[in-house]
Each structure stands twice: as structure tokens, then as C-alpha cells.
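So the protein lines, in turn, are chains A and B. Mapping of the first sequence onto the working numbering: position 126 corresponds to residue 126, and the numbering continues sequentially without gaps. Mapping of the second sequence onto the working numbering: position 347 corresponds to residue 347, and the numbering continues sequentially without gaps.
FYI, nobody ran anything at the bench for these hints, they're computed from the structure. Treat the hints loosely; a few may be bogus.
[Claimed, not checked] Simulated pairs of lysine to aspartate or glutamate, EDC-like, Cα-Cα distance not exceeding 20 Å:
hint: 1; chain 1: A; residue 1: Lys296; chain 2: B; residue 2: Asp407
hint: 2; chain 1: B; residue 1: Lys126; chain 2: A; residue 2: Glu247
hint: 3; chain 1: A; residue 1: Lys272; chain 2: B; residue 2: Asp76
hint: 4; chain 1: A; residue 1: Lys252; chain 2: B; residue 2: Asp121
hint: 5; chain 1: A; residue 1: Lys160; chain 2: A; residue 2: Glu176
hint: 6; chain 1: A; residue 1: Lys159; chain 2: A; residue 2: Glu149
hint: 7; chain 1: A; residue 1: Lys241; chain 2: B; residue 2: Glu53
hint: 8; chain 1: A; residue 1: Lys272; chain 2: B; residue 2: Asp407
hint: 9; chain 1: A; residue 1: Lys219; chain 2: B; residue 2: Glu225
hint: 10; chain 1: B; residue 1: Lys126; chain 2: A; residue 2: Asp263
hint: 11; chain 1: A; residue 1: Lys241; chain 2: A; residue 2: Asp263
[Unchecked claim] What follows is a set of in silico ranges between Cβ atoms, one per label pair, in the way DEER data are often shown:
hint: 12; chain 1: A; residue 1: Ser207; chain 2: B; residue 2: His80; range: 42 to 52 Å
hint: 13; chain 1: B; residue 1: Arg344; chain 2: A; residue 2: Glu290; range: 49 to 59 Å
hint: 14; chain 1: A; residue 1: Gly258; chain 2: B; residue 2: Asp265; range: 27 to 37 Å
Note that the structure is predicted; figures quoted are calculated from it, not measured. Ideal Cβ placement from N, Cα and C applies to all residues, glycine included.
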Amino acid sequence: MWQAVRENPRAVAYALLMHLGLLLLLVFSLDWTPKSIKPGSNKPIQAELVDASKLQAIEEKKLAEQRKVEEDKRKAEEAVKQKAEAERRQQLQQEQARKAEVERKQKAEQDAKKKTEADRKKKADLAAQQQAEEKRKAAAATKQKAEAERKRKAAEAAKKKAAAEKQRKAEQAAKEKAAAEAAAQREAEQALQAQLAEEQAQARAESALSQYIPYIQQKIQRNWLRPAGSPAGLSCLILVKLIPGGEVVDAKVVRSSGDPLFDRSVETAVLKASPLPMPDDATMFKYFREINFNFKPDT
Amino acid sequence: MTKIVKLLILASMFIAAHASAALTIEITQGMEGAIPIAVVPLGWRGTGAAAPENIAAIIAADLNRSGRFESLPDRDLVAHPVTAEQVKFQNWRMLNVDNLVIGQLEETTAGQYSVQFELFDVFRGKRLTGATIPAPARDLRRVAHYISDLIYETLTGERGAFNTQIAYVTSSGNSKNKSYTLLVADSDGYSPQTILTSKQPLMSPSWSPDGRQIAYVSFENKTAEIYIQEVLSGSRRKLASFKGINGAPTWSPDGRKLALTLSRDGNPEIYVMTIDGGDLRRLTNSAAIDTEPVWAPDGKSLVFTSDRGGSAQLYRVSVTGGPAQRLTFDGKYNAGADISPDGRKLAMVHGEGGRYRIAVLDLDSGLLRILTDGQLDESPSFSPNGSMIIYATGAGNREVLSAVSVDGRFSQRLSLQAGNVREPVWSPFGK
Chain A
1 MWQAVRENPR
11 AVAYALLMHL
21 GLLLLLVFSL
31 DWTPKSIKPG
41 SNKPIQAELV
51 DASKLQAIEE
61 KKLAEQRKVE
71 EDKRKAEEAV
81 KQKAEAERRQ
91 QLQQEQARKA
101 EVERKQKAEQ
111 DAKKKTEADR
121 KKKADLAAQQ
131 QAEEKRKAAA
141 ATKQKAEAER
151 KRKAAEAAKK
161 KAAAEKQRKA
171 EQAAKEKAAA
181 EAAAQREAEQ
191 ALQAQLAEEQ
201 AQARAESALS
211 QYIPYIQQKI
221 QRNWLRPAGS
231 PAGLSCLILV
241 KLIPGGEVVD
251 AKVVRSSGDP
261 LFDRSVETAV
271 LKASPLPMPD
281 DATMFKYFRE
291 INFNFKPDT
Chain B
1 MTKIVKLLIL
11 ASMFIAAHAS
21 AALTIEITQG
31 MEGAIPIAVV
41 PLGWRGTGAA
51 APENIAAIIA
61 ADLNRSGRFE
71 SLPDRDLVAH
81 PVTAEQVKFQ
91 NWRMLNVDNL
101 VIGQLEETTA
111 GQYSVQFELF
121 DVFRGKRLTG
131 ATIPAPARDL
141 RRVAHYISDL
151 IYETLTGERG
161 AFNTQIAYVT
171 SSGNSKNKSY
181 TLLVADSDGY
191 SPQTILTSKQ
201 PLMSPSWSPD
211 GRQIAYVSFE
221 NKTAEIYIQE
231 VLSGSRRKLA
241 SFKGINGAPT
251 WSPDGRKLAL
261 TLSRDGNPEI
271 YVMTIDGGDL
281 RRLTNSAAID
291 TEPVWAPDGK
301 SLVFTSDRGG
311 SAQLYRVSVT
321 GGPAQRLTFD
331 GKYNAGADIS
341 PDGRKLAMVH
351 GEGGRYRIAV
361 LDLDSGLLRI
371 LTDGQLDESP
381 SFSPNGSMII
391 YATGAGNREV
401 LSAVSVDGRF
411 SQRLSLQAGN
421 VREPVWSPFG
431 K
């Protein structure tokens, strides 16, 4: 209770002021009561006999006095009434005050209760909040920790993965390098072999040529009728296309002698000589697919 | 043999350098010869049983005479196609014939004909040329020569000179009753036409550059005089009749002057005279005989015969005169020159060892080549395309007309005229 007071001095101060107020109210009410009673004090009436006029006068006087008594009576009644009314009012007021006090007290109690409840609740809330906060913090911490762990794990995994990848790459590179080296070697070998093959082919071709060029040359020369009357010093280059078997499929003068009859004789010689002698080895044909013949008489 | 070895080395190098590049083979040997050609007798469509002229024979003879072609004898013709559709090239390839001529002679109306021909490259299987030419009967030989020209030009790239003429002089009769005739005939010697007949010698005919006139020497007035005569109309005029010799007229390339030999100043010298006779200029001045002038194609110089060196040799002199330059040194006798149309060759009578033959001097190289094999050949004259030379040659106890290809490979006696044939001269190209 005391702690509650200490903790809510303002509420206590209001409560004290309220009590003081009620006390003062009660004091003033007590002062008012004797004043109201004063006009009700009975004083003895003084009577006197009088003639008619006089009586009249007396009557009148008596009437006035009666009236006055009545007035006084009415006034007293009025006063009593007023007093009762005042008392009633005071009672009402008192009742109201009491009621108010009760209400106040109830309210104060309620307030206090409320406050207490609020405090409790607040406290509880606070506690709950704190708890929640702690929980949250704990959860956060857990979460953080979990996250950190996850991250660590992820990092570790990544690191592992990277390492694995690196290794894989390194392995692959090594593999590739090895493959490339192997390929290069193979290529080199192949090139060497190809070169050898080519050299052999060339050797064969040269052999074939050495064998067939004179035949070709002779066949062309046998079929070449140098035009009589052509000027000396003419020469004509003709490109001849052959198909396997040596048949001439095209003969085109690529450098004219300038003498139509001479050029024509060259074309005719090639066409007449078709088919040209060819090596039996069909692979040799590529050397004979196209042949330039340079017709250039010695004389 | 060494050539083949070199060739092989070259070929090998080629292959080593570029295996895919075309091989090059040198061809240095080949038989020189005339190009074989088959001229199939033309198909005949007309009223007569046979064609009025054997056009194919004329063409074949023309081409043969050029020395550059050799026509297939008729008996070797495997087929007688008339139209292109009927030609089977394989047949002609088997015969090794390079070219084939076919055609048709049609009588369109009485005495009027149409000659159609086509020329083929046998090994290429390609038509090269062809034409259809209308002609009256009297012109059929000329049409044949014209076709020969077309074929020759198509195959050689050189203008043909078959459809041209020759002028020459014949003499006949014995010493008591001699007759001289100036004639003009086709280049193959056919269709001779008399230009002039005289009891006295006619000599040295020369064609004007347009082929319409002939200048010649006539002794009809007992002395040598120079005349100019229209070939077609026969009208003529005397140009030179100076004291002494008036001889050897030749027309200048521009047709405005004549070079001639005059002895009016005592000794035969070379002169140039305008054809209106208005101007006469002496070009030579020597104690020897200067004669037989001929014009260079550019008209700037003349070549003539002179014995100023002790024997007859050829000299060149500027048309403006001045010192003459000796051109021939081979042989004891070189005379009667003609200059080739390109100005690079000189044909002459070359006397050596008692024989007189036709020779050609290559002015560029200075090499002399003897073309003929006669004993007494004379008066060489170039064809207007320079591919042939016509000349007179002794045959038995008379002289006849002969033609030789300029390389000397082919010579042929032309149709035999009655009497001795002298001094043939080849006309310019026909107009």
C-alpha cells in the first residue's frame, strides 16, 4: 500500500485535498444552524381594551397584530420550512458528499485497483514484453547463430565446392592439356605421316609424271600441226581440263599467240590428242586434272 | 633428250611447289603443215543435171594454193552433208580434218543463183561462219573466191586475197608473126580477159592502187612508151614518151605518181612523175643501170635494181632522192623486186649458180629465203595480203604463171595459158 502511495503521490495528494474539502464543508454547515433558529424565539403578547373606535382601532390593532402573528407564524413556519429544507439539503448534501466520498473512495479504490491492475498489467506487459524481447532476443540470437552457422556452413561448403571445382578444373586442365598434347603429338605424327604420304605421293607423282609427261607431250606433238606460214617466235599457253581417263573436256587459250591460226592449231592439237595417256593409279589423276600446255616451237 | 629431263625437273618443281596447281608441259615440236580442211561439194538445186560451177573445187583450190590449208581429196569425203543438221563431226574427226565447209548452190531463177555455205570447226563441233550470196552465172567463180576469202579470214585472222586479179602479158607466134597480149585474170588464173593486143612487145604492167587502171610499156610505135589504160573501158592515154628507154612504171601508193625508168639523160635512171605528166623528178644518178623501181607502202622510199656494184643488186632510195642504200648481199644477182604490203619483206629474182629463183628477203632480220625451185623464175609479185607471191616460170620451152606461198611451202602452177606468160602483177584488194 505504501509503495503504491509512494509510487503515485499525485493520486494521494488528490485524495487528501478531497478529504479536506469535505471537512470544511461540514464545519460551515454547523455554523449556519443556530442563525436559522433565532427568529423562532417566542416573546409574550401585550393586550389592551379599547372603545369601538377605539375598539375598531383596537380591532384593527388586533387584526394587525393578528396579521402580524400570522405573518410571524408564517414567517416562523417559513423559517422552519426553510430550516427543514436546509436540513434536508444539508442532509442531501451530506448524503451526496458521503455518497461522493464513497464513490470517490470506490473510485479511488477502483482507480488504485485499476492502477494496481494497470501497474500489474503494465508490469506484466513489461515482463511479458521483456520476456518477449528476451525471447525475441534469444530467438534472434539463435537465429543469428543459426544464420552464422548456416553462413559458416555455406561458406565452408562454398569453399569446399570451390576447392573441389578448382581441383576439378585443375584436373580437367591437366586432362585437357594431356589430351591436347596427345592430340598435338598425334597431329604431329599424322602430319609427319601425311608429309611422308605426300612425299611418297609426290615421289609416285613424280615417277608417274616422269613416266607420263613424255607420253602426253609426244601425243600432243604428234597431233600438233604447226600452221604453215605462221610467223616465227609464236607461243601459246592453253589450259586443258581432263577427266579421269584422260579425256579432254575443256581447252582454253589463256595466253594467245596473237595469231588465230596458231591458237586454233594448239586447241585442235589438244582435242585431237584426247584422250591423253594417264597413269593407271587413279589417285594420280589429281596431278593431271588441269594441265597447262605451253606451245612454243623451237624454230 | 636433255630437253625432256629439263622438262621433268620443271614439272617436278611445279608439283613440289604447288601440288594442286596445274601442271605445265612445254610443247616444242610439231609437224609444220597445212591445216586439213574438207570442202564438201555443194548441194545442187536447179534445172540442169549438174551445177554450172564446182564452187567447192574452186574454194578448195584457193585454200590449197595459199599453202596454209590442205583440202581433203574428194574421194576421201566420208559424207556429203549439205545442211548443218546433216553434219556428223565424228566422221570428220576420224579423218583428222580440222575444218569443214558445206553448202548449197541453188538456181533461183533462170541464170540466177544463190550460193550458201557454212564453215565448221570439227574438233570443237562449232559453226564458225556462213553466208548466202546471190549471183548470176558469170559471177559464180568470183563468189567462190569471195567465200574462200571469208573462210581464210575466219580461220587465219588475215584478209583473204582470192577474190583479186592478176595482170600479165603473153606472147605467142613465131618470130615472123609474134603477138603480144595484156590480160587480166582471176587470182587463180581463170577467166582471162584481154586488155590489149599488139604486134609489138607489151611490158611491165602495173596496177593503180584502186585497181581501175593499168600502166604498161608498149613498143607499138617501135619505141618504148608508157601508157595508162582503164581496165573496164579500155580507154588509155600515153604518159611518157621520152627519148630512149621509157620503162618499168609503178604506181605510187597514193595513186598520184608513177616511178619509172628513163634514159633521157643518157643512162637509165629512176624518176618519179606525176600521172598528169606535169612534174618529173630524177631520183638516182649513177653511171650504172638503175631500173625496176617499186614503192615502199608508205610512199617514202623506192627499191630498185642497179648494177652499180658490179652486179645487179637491190637498193633503196628516198623519194626525195639522195644516196641509195644497198639491200641485198647474198648471191650474184638480185633483181626485179616487189615489196610486201607490210613493207617488211622484199621478193626478188635471186640468181645463183646459173639458176634464177624467187627469194624473199626479210628486211628486219636480213635473212634471205629462196622460195621456188625453177631455172628461170621471174617477176615476183605479192598478193595484196602478203601471203602469196605470183611469178612467171619456165616450163619446158615456155613460161607459165605460178604462185607460191610466202613461206615457200606451197607452189602451184596456175591454169595454163596459151603462149608464154610474162610479168604477172597481182591487183590490189577488190573494192
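Quick rundown of the hints versus the structure:
Between the alpha carbons of Lys296(A) and Asp407(B) the distance comes to roughly 19 Å, so the proposed pair stays at or under 20 Å and holds. About 19 Å separates the Cα atoms of Lys126(B) and Glu247(A), which keeps this hinted pair within 20 Å; it holds. Taken as a hint, the Lys272(A) and Asp76(B) pair is honoured in the structure, with Cα atoms around 19 Å apart against an allowance of 20 Å. In summary, the hint linking Lys252(A) to Asp121(B) is supported, as the alpha carbons are separated by about 15 Å, within the 20 Å threshold.
A C-alpha spacing of about 23 Å is found between Lys160(A) and Glu176(A), which places the hinted pair above 20 Å, so the restraint is violated. Distance check on the hinted pair: Lys159(A) and Glu149(A) sit about 14 Å apart at the alpha-carbon level, within 20 Å; holds. Only pairs whose Cα atoms come within 20 Å are accepted, and Lys241(A) paired with Glu53(B) is rejected, the gap being roughly 45 Å. Distance hint between Lys272(A) and Asp407(B) is unfulfilled; the C-alpha atoms sit about 26 Å from each other, more than 20 Å.
This hinted pair does not check out: Lys219(A) and Glu225(B) have alpha carbons roughly 63 Å apart, beyond 20 Å. Annotation: proposed proximity of Lys126(B) to Asp263(A) holds, straight-line Cα distance about 16 Å (limit 20 Å). The suggested pairing of Lys241(A) with Asp263(A) holds, with an alpha-carbon distance near 17 Å, which does not exceed 20 Å. Look at Ser207(A) against His80(B): about 50 Å separates their beta carbons, and that is inside 42 to 52 Å.
As the Cβ distance of Arg344(B) to Glu290(A) is approximately 39 Å, the hint placing it in 49 to 59 Å is violated. A C-beta distance of roughly 49 Å is found between Gly258(A) and Asp265(B), which places it outside the suggested range of 27 to 37 Å.
The earlier numbered hints that this structure contradicts are 5, 7, 8, 9, 13, 14.
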